[in-house]
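Protein chains: 2
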Amino acid sequence: METYSNSSSLGKVLYERRKRLEQLVDFPVILWSGRPSPRNFPANPFPFRASSHFLYFAGLPLSNMAIRLDSGKLELYLDEASPSSALWHGEIPKREAIAQIIGADQAFPLSELPSRASGAATVAVQDTTTYWQQAQLLRRPVTPANAPEGIDRDLAKAIASLRICHDHGALSELRKAAAVTVAAHQAGIRATKSAKLEAEIRGAMEAVIIAHNMTDAYGGIVTVHGEVLHNEEYHHPLEAGDLLLADVGAETSMGWAADVTRTWPVTGKFSTTQRDLYEVVLAAHDACIEKVRPGVEYREIHLLAATIIAQGLVDLGILRGQASDLVEMDAHALFFPHGIGHLLGLDVHDMEDFGDLAGYEEGRTRSDRFGLGFLRLNRPLQTGMLVTIEPGFYQVPAILQDPELRSKYQNVVNWQRLAQFGDVRGIRIEDDVLVTPESQEVLTAALPTEIEAIEQLVSEGIN
Amino acid sequence: METYSNSSSLGKVLYERRKRLEQLVDFPVILWSGRPSPRNFPANPFPFRASSHFLYFAGLPLSNMAIRLDSGKLELYLDEASPSSALWHGEIPKREAIAQIIGADQAFPLSELPSRASGAATVAVQDTTTYWQQAQLLRRPVTPANAPEGIDRDLAKAIASLRICHDHGALSELRKAAAVTVAAHQAGIRATKSAKLEAEIRGAMEAVIIAHNMTDAYGGIVTVHGEVLHNEEYHHPLEAGDLLLADVGAETSMGWAADVTRTWPVTGKFSTTQRDLYEVVLAAHDACIEKVRPGVEYREIHLLAATIIAQGLVDLGILRGQASDLVEMDAHALFFPHGIGHLLGLDVHDMEDFGDLAGYEEGRTRSDRFGLGFLRLNRPLQTGMLVTIEPGFYQVPAILQDPELRSKYQNVVNWQRLAQFGDVRGIRIEDDVLVTPESQEVLTAALPTEIEAIEQLVSEGIN
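Note that the protein sequences, when read in sequence, are chains A and B.
If you're matching positions, the first sequence starts at 1 in my numbering and goes up one per residue.
If you're matching positions, the second sequence starts at 1 in my numbering and goes up one per residue.
Pulled out of the complex, with its shape left as it was, chain A reads as follows:
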């Protein structure tokens, strides 16, 4: 397997992660990789995705494995592949070989796990079959990962404290995912000139990701209806005057993700109204990235985006009033109804299986404010965190046609003026930003954001 290359450097990275975990917990830990989920029949599963927590400490995306960490020792549990599986799946490395790659001290068949499971903490996996096994083997209830209890909660906190700041092994993978994602977006932008459907642009983007032997980190968005925030349909035709919003990210074979959005005009030329609103979003994007550095509260970055967007909309005559007042009353959220971004790592919303345990500083909870409740990260930034910065402007019918919201904000929105921007349904500009000791580094900076550069790429088409 490709993932076995560089096994000695992988082994060292994994060893250091386990060593750091050991310092945080005083109980044994068992982590399961999970099993493939069947698609329409058992022999036709979805591509296997190992549990992110397992991957973090065990490195290899192999199914139906468990590791046990206890007093500085690593034990590996898996069953050898059956002889007939070699016919169908080729030679699969032996237990001992896998143990060596990941630096395990001992290796056992799975049947040995029950006798060594007592007293261990774990993280509930996503696939229900393995989840049942977890409770069965640990002989106690295991609550879902977003509501861990007892030592499982202690473990979740310990893991979150490690995974939240990336080591050099993680960064090396995250940079690979970012580079391929940049190439995918470039291909998508270039494919627009000759495409007639959203799906064709998506095909060009996925071709790049797949050609690099990566997968989608999440269900990509490639749509002329950017106002549908999680649009996962790709059948709309591209029509002159449309903006295309593409939110697509690659994931390396080891599971590390990128998450990038660009918005471009299908004709290669932004209209004046599109240009005006794009510049507002871009100003928020640039200012927020500039603000990323250790110690800064991510919530402040969100509020900065909200303020810049509100001011931009005031300048365009769409909103009325002082930007700070508008943000205070959540008027920005009429057009920017999501958070400025989130943690990024092995999961595209990193550690979201823990609920807000990783994203929110202890003691903080989600706001019930319309303009803050969707914020997924509310912590001071630290060196080594990777976050997305993804401001947007959308005209979402479910918001703008809502009678309650229309009435609440009737005095601050100039609806006639807004109607002149009807050719802007959704704009988002998203990059992946690493917090560095002094400031920040944009891992996806090679992909342009400026209007001229984007227009140029669309016009060039496929060389």
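For the record, the hints were derived by calculation from the structure and aren't laboratory data.
Since the structure is predicted, the reported quantities are computational estimates derived from the model, not experimental observations.
Ideal Cβ positions, reconstructed from N, Cα and C, are used throughout, including at glycine.
Treat the hints with care, as some may be off.
[Unchecked claim] DSSO-like mimics (lysine-lysine), calculated; alpha carbons at most 27 Å apart, straight line:
1) Lys176(B) <-> Lys196(A)
2) Lys196(A) <-> Lys12(A)
3) Lys12(B) <-> Lys73(B)
4) Lys193(A) <-> Lys193(B)
5) Lys73(A) <-> Lys157(A)
6) Lys157(B) <-> Lys12(B)
7) Lys73(B) <-> Lys157(B)
8) Lys176(B) <-> Lys291(B)
9) Lys157(A) <-> Lys196(A)
10) Lys157(A) <-> Lys94(A)
11) Lys176(A) <-> Lys196(B)
12) Lys19(A) <-> Lys196(A)
13) Lys94(B) <-> Lys12(B)
14) Lys193(B) <-> Lys176(A)
15) Lys193(A) <-> Lys176(B)
[Unchecked claim] Just a few of them, taken from the derived set where beta-carbon distance is under 7 Å, the chain B residues facing chain A:
16) Arg20
17) Gln23
18) Ile210
19) Asn213
20) Glu239
21) Val396
Given the structure of chain A, go ahead and fit chain B onto it with the hints provided.
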């Protein structure tokens, strides 16, 4: 949704299917669509794939729905999307609109289902969360789909008898899947000249499938190691002298599949040894397709392939003896260790969730013969069946290095001669063949199989 277009003709197709089911069962039937399976965290699921049985009668790939069929009436059960979901997923059609599209007589929220579930038969779905609900709502154990009991077994047989021969609605979808799959293979063959890795060829193939707003019907195989029958790794470099085997099929948005394999030389020129063995496999492919017609036993087609391959290997000096004797002793299976094909429809191995209930005529069971045990279909062919024809030749180390097999077949294999064919690790040629009233129609015939045409396509590259 795209799938709502042509809703009236869809409604008619679905109505006729339900009408035919009604004639076969005398109990109510409830079919669930299922739910998305989480990938690494709940908000990042795999693309939703509805249960094939649900799709067959309800048509729309919508999650968390159920239909109830009773005395000729269709009831639809689903909950309306929450208002906030419109923000994230756009406007989702209302219950009544969906009811109209699929021709339901009545529509209810899911909370109404428990009171109407009594006495109904069902098919166990693949996702465990919905599977729990099935047993809970029906207030009885529900065994997995491959071991149905009581009325569930009667229902499985009834559904299998319908789905096994395709109606015009199904064929229209299956032809679309076949056409896009042909285009994907053409793109893959043409991409070879400029590709350095398996993954790059796969990228070119997937680009076509995705650009047509389709998905993979199964985890595709694109490899220079065709001897690994279910190889799902794509990282090997393409080296001069390699044959590339690509087994890739598209699935329409309504869930209907294609399944096609081609094998081509990465340089664009078959070597003499590759050519010799390719011609053996192609002769089996052509003769088997020619034999497809109503009334013919599919097992006989498998044995025809085995005989032609055995004879071809005798002619090449690899095997010794009479072809019929060699097949009798399963010597063909040293090099052709799988079945000649399977049913194709909503599932790539159609209705394999039922185990062999659909593939095997009542009263027949799997052979324990090395050369017959992997046969997935053992029935007389009927008009409207769609089957794959996919003979192959492989040098599988797990077989050819097996001491027991080497000893058993020591007198019929010329190992020295075989060694001269070392540049052939795996060849398969697979098409999708519809049984017609008089003979057969190859839905994927537009994709060439002949050496010259294949070499030509590779050499042309991407225009």
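We went through each hint and held it up to the structure:
1. Lys176(B) <-> Lys196(A): At roughly 19 Å apart (the allowed maximum being 27 Å), Lys196(A) and Lys176(B) satisfy the hint.
2. Lys196(A) <-> Lys12(A): Violated - the C-alpha atoms of Lys12(A) and Lys196(A) are around 49 Å apart, more than 27 Å.
3. Lys12(B) <-> Lys73(B): With a Cα-Cα distance of about 14 Å, the restraint between Lys12(B) and Lys73(B) holds, given a limit of 27 Å.
4. Lys193(A) <-> Lys193(B): 25 Å, holds
5. Lys73(A) <-> Lys157(A): 21 Å, holds
6. Lys157(B) <-> Lys12(B): With Cα atoms ~23 Å apart, Lys157(B) and Lys12(B) stay inside 27 Å; holds.
7. Lys73(B) <-> Lys157(B): Satisfied, since the Cα-Cα distance of roughly 21 Å is no more than 27 Å.
8. Lys176(B) <-> Lys291(B): The hint holds at about 25 Å.
9. Lys157(A) <-> Lys196(A): 48 Å, violated
10. Lys157(A) <-> Lys94(A): 33 Å, violated
11. Lys176(A) <-> Lys196(B): Holds, because 19 Å separates the two Cα atoms, which is no more than 27 Å.
12. Lys19(A) <-> Lys196(A): Since the Cα atoms of Lys19(A) and Lys196(A) sit roughly 53 Å apart, the hinted pair is violated (cutoff 27 Å).
13. Lys94(B) <-> Lys12(B): 21 Å, holds
14. Lys193(B) <-> Lys176(A): 25 Å, holds
15. Lys193(A) <-> Lys176(B): 25 Å, holds
16. Arg20: Because about 22 Å separates Arg20(B) from the closest Cβ in chain A, which is outside the 7 Å limit, the hint is violated.
17. Gln23: Where the cut-off is 7 Å and the nearest Cβ of chain A is about 26 Å from Gln23(B), the hint is violated.
18. Ile210: Hint on Ile210(B): holds, closest Cβ of chain A at ~4 Å, below 7 Å.
19. Asn213: Since chain A brings a Cβ to about 4 Å from Asn213(B), closer than 7 Å, the hint holds.
20. Glu239: 16 Å, violated
21. Val396: It holds, given that the least Cβ distance between Val396(B) and chain A is near 6 Å, below 7 Å.
Hint violations for this structure: numbers 2, 9, 10, 12, 16, 17 and 20, all remaining hints satisfied.
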